[in-house]
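Turn these sequences into a full structure, and let the hints guide you.
Keeping their order, the protein sequence lines are chains A and B. For the working numbering, add 421 to where a residue sits in the first sequence, where the first one is 1. For the working numbering, add 1281 to where a residue sits in the second sequence, where the first one is 1.
Derived from the structure by calculation, the hints contain no laboratory data. Treat the hints with caution; some may be incorrect.
As the list claims (entries may be wrong) - Each pair of labels, with its calculated beta carbon distance range: (1) A:Glu564 / B:Glu2173: 43 to 53 Å; (2) B:Ala1315 / A:Asp605: 30 to 40 Å; (3) B:Ala1315 / A:Lys662: 12 to 22 Å; (4) A:Lys662 / B:Leu1307: 29 to 39 Å; (5) B:Ile1308 / A:Lys662: 22 to 32 Å; (6) B:Ala1315 / A:Pro637: 15 to 25 Å; (7) B:Leu1307 / A:Lys673: 39 to 49 Å; (8) B:Leu1307 / A:Pro637: 31 to 41 Å.
Even for Gly, the Cβ is constructed at its ideal location relative to N, Cα and C.
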Amino acid sequence: MTDAAALRASAATLASPLPPLLAEAEHLATTVLLGEHGRRRAGLGDTFWQYRPALPTDEARSIDWRRSGRSDTAFVQDKEWQIAQSVILWVDQASSMAFTSDKSLSSKADRARLLALATAILLLRGGERVGLTGVRLPPRRGEQQLLHMADLLSRDDGVDYGSPESQGMLPHSRVLFVSDFLGDLAPVEEALTRAADRGVRGALVQVLDPQEEAFPFDGRTIFESMAGTLRHETLKAGDLKDRYLARLAERKNRLSHMARTTGWQFQTHHTGASAANALLWIFGALERRA
Amino acid sequence: MWMLGPIGFVLPSLLLGLIVLPILWLILRAVPPAPIRRRFPGVALLLGLKDDEAQSDRTPWWLLLLRMLVVSAVIVGFAGPILNPETERTGIGPLLIVADGTWADARDWPTRLDRIAALLDEAGRAGRTTAVLTLTNLPPDTLDFQSAEATALRLPSLQPAAWEPDPAALTTWAETLDGDFDTFWLSDGLARDSRDPLLAALQSHGQVTVFQSPRQTTALRPARFADGTITISAVRTPTGPEGEATVAAIGLDPGGVERQLATTTLNFAPGEGVAEGTLDLPAELRNRVTRFELSGTRSAGAISLTDDALRRREIALIAGSNEREGLELLSPLHYLTQALSLNSDLIDGTIPDILLANPDVIIMADVATLAQGDSAAMRTWVESGGLLIRFAGPRLASLDPTNTDADPLLPVRLRAGGRSVGGAMSWGEPKALAPFADGSPFFGLAVPADVTVSEQVMAQPDPTLAERVIAQLSDGTPLVTRSSLGDGQIVLFHVTANAEWSTLPLSGLFVQMLERLSVSTRRVGTLAEELAGTTWVPEQVLDAFGTLTDTDTLPGVSGERFATGIPAADLQPGLYAGEDRRIAVNVIGPETVLGPAAWPSGILVEGMNVTRETLLKGWLLTAALLMLVVDILASLALSGRLRGGRGNVAVLLLLGLLAVPQGGQAQETASTADTDAFAMQATDNVVLAHVITGDAPVDQVAQAGLLGLSNTLFQRTSIEPAAPMAVNIETDELAFFPFLYWPITESQPIPSRAAYEKLNRYLRTGGMILFDTRDADMGGFGSSTPEGRKLQAIARLLDIPPLEQIPSDHVLTRTFYLLQEFPGRYAGLDLWVESSSPDAEQVEGMPFRNLNDGVTPVVIGGNDWAAAWAVDEYGAPLYPVGRGMAGERQREMALRFGVNLIMHVLTGNYKSDQVHVPALLDRLGQ
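Following this line, the structure appears as structure tokens:
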């Protein structure tokens, strides 16, 4: 159980240097709500978009007389079409995420929560609605949502490896999965397929510890999973390195492939690296037009 | 003992333990290392992976080999290996070990002690009783043979002496020997007459073995001074091929520090035993030489002390103005020059110049009066030990007696006029000299009959006159009078220094009298009859190693003993003081020749070197221990435990164990280099400096502030300071800095006593310190802020003059800018400077008083100027001052105050001069 207030504070610190994240909404249909996302076309909104010559169908009160006074024809002021987007997050809270190889590094779980919450803050600041997968926290706006989210995120899960919850993904919303993806990939694949079915796009962020990437072990070793359910004994750990790394690469490959086929983005992030980089990537991935 | 090459084993049976090594190999090989348990989320990826081969769990062969080596090192180590075990010397019965113990032994005395110790070890193992002695320090009673262990205890007290054995004492001692014993004789390798009788005596008691090293012995003969150069010679034995020896002349430099004054190299020709060289030194340096030393040789023979023989006195001659140019024989100084120039260095010149050279003696011939300042200086010089000799003459005779009453530079009061006897216009015969009375320094000198006095000055009769007379005429009138003044003396010859008034200067007596007065020094001939009855007190003595030590515990030496000149226990080499001079007794005489000791063919002569037996047990066990450490690290590395921080610590620890500690010398050189660099940096240009308070932020502000002020000065004035420096008042030299900024913090330590001395010297010699309590926002100066109290505590021991609040006409208000306020970051009003003199009056019509004296050594305030001046590296202000444009104005004023202050430091009260008044009045618009 992480201190929710502290988590929120550090996430706010991380989020502060970035401009508001303006995620792009692809479709309007189900989540039509006025927001601050310019659709780059005329529509309902507050921001000036363009002047166009008045058509006979335009009401007389919609004519912009100040502009029209400078020429012979009458002009109408169009506003930019603005909508809000729903973004749904899933952060792996299984015990495998609690691993850290060095005291000076944050654990994978801490990094994942930080990234998720920072993303949420940016999105909320940009006027989006943010929530968690499942039924725990449907997407909403406002500061209060952030408090709930920080609270929910700072809970730990007892299982060894987590699997994404595919419920509660609103059609055509955006989804962000943060996990180490070291467990079974079948639930991930299923979730991605279901998401693709519903027109949901998103990003997968794999958070790994540098040691998981390097496998710097040697000698006779018994490896145990974090919750102790899995165990593997080897007499010469150094020999396993190549094969371990091959398996890890294959796993990343597979995730990347799944993401590509479903229109998602995939990225691996190491706890040894800067969190801001990862946040920037998420920023870019969520903004990308499908 | 079982031998294996040069190595013997104490317990060879233990070596059988090596048989178990192969068994151990098998056992160790079979046991795999223990597994480590790791939590690792990636285990999911590992499931199902199989190890290549089960062999990997075995210990690798090199680790096994290492462990085998450890075990074998332990086994071999405990078997007690000894490298070069000594073969026993045969012999039974008591053993006498004799060392010459002369100065020639001193050079390698530790080797000799080692040799003796080795011989004693052997004797101890053979169960022989032993005795040890040096020939220069014979035991008073008969020989006492003790066990070798007991004798070995006495070894540290065995010391060589700086003299040679006394043949007579040796003979006496040899006669007291009885019983049978073998003798080991450690010879110093020098030929000596006393050797053969002693050898015969020792041989009559048993076998004699001689230990002697074939090394060369070099010694230095006393230096001779002739014809303005110093001749030095060195002797050596045995004579070998060409060689050279460096001789250093050592003495006190003007600062009183002993150092090498000159060096010269003596070249031995091949086969020659004597090398000679010369050293040409200026008289000043020559007088400073206290000893000559053969460089690189540590023995009393390599040192030759100098005494008065080398030292020539400096005598200043001053005559009354000599109008009769060219009449040399009539010159008042002619006879003095003749008498003195042979053995002393003469100086002439004006009195101030002469006094500066600090001669030993000043002779004034017929000088009646001195200038006021000269007289006082002369008096000081006499009081500090100078000898002033005055000769009478017409001028002295014509002195007004009322003046001579007061003249402290005359031993007696003189009557006006003097008297003339035996002249053409007077009655009577010229007077002869009376024999010198007992107690006079001239006592014992024969008075030649042909010395007559025809004119003289007369002393006023006086109660003290009798005791001041040291020579008189046959009719009882004083001829020479003497009085002491302070540590020095004043002697008046009542006749002239030329032959006008008397024939004294023509006689040999004149020279003798001057000698007796220690005016000139004689070549030391040490005639036996001259030394008879005198006592010589040792002041410094040499030990065998050539170390000169002050002594005051040795008894005086009679002149008769002294005359023999042969050093021994009762006449140790060194410097001896007599009544009026000092004589050196050296180990080597001027005619000493060294020769190699010759031993009869029947005597066994061995070398001095010892092949020490080395116990290898410790080394082997240490090696085993080190290998164990390596084994630990290797095992950790193999099992993968040597990862991350813990592994680094372990490796670092190991490296730290192996690292050889560095010597401290490098640091020392570095620190002097630092000091030099500091001085260079500080003196290269004008540099503003601040005192390090120990409070890092305050120091940074001070540094930045002085940088800002330096920039401003650079831009606006002709002062172009270099980058400001931080000064540690405890360690750094302050004299380089014209100005110190001293921010006061509550926590800064009170300076040490040495630092206070430095600060006071700094303040007295024109430095200025700006004390800044930085508390003007909280209270006025002197109020009880913590900084104010600290400043009071710091300033208590500083040499600070009375202060006053800065008056409106203080020169600080106009040294560069015209200012009336001195704000810093705060605009407090109080600024304290040295108070102006109370008698300064304001002249009518002048805007300020005439205050031309005194640059204030301190300026005290609390406006935190450094913060107002502070700029960053780009020149932008670091700290806000005030608000808006008014604040910027205040910052500008603060900078102007800084400019004025530095101007005041560097130009003093230049702007206080009334010359500037018109221009200033113009500026002030009055």
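Hint by hint, where does the structure go against what was stated? Just the numbers, ascending. Checked against the structure, no hint fails, so every one of them is satisfied.
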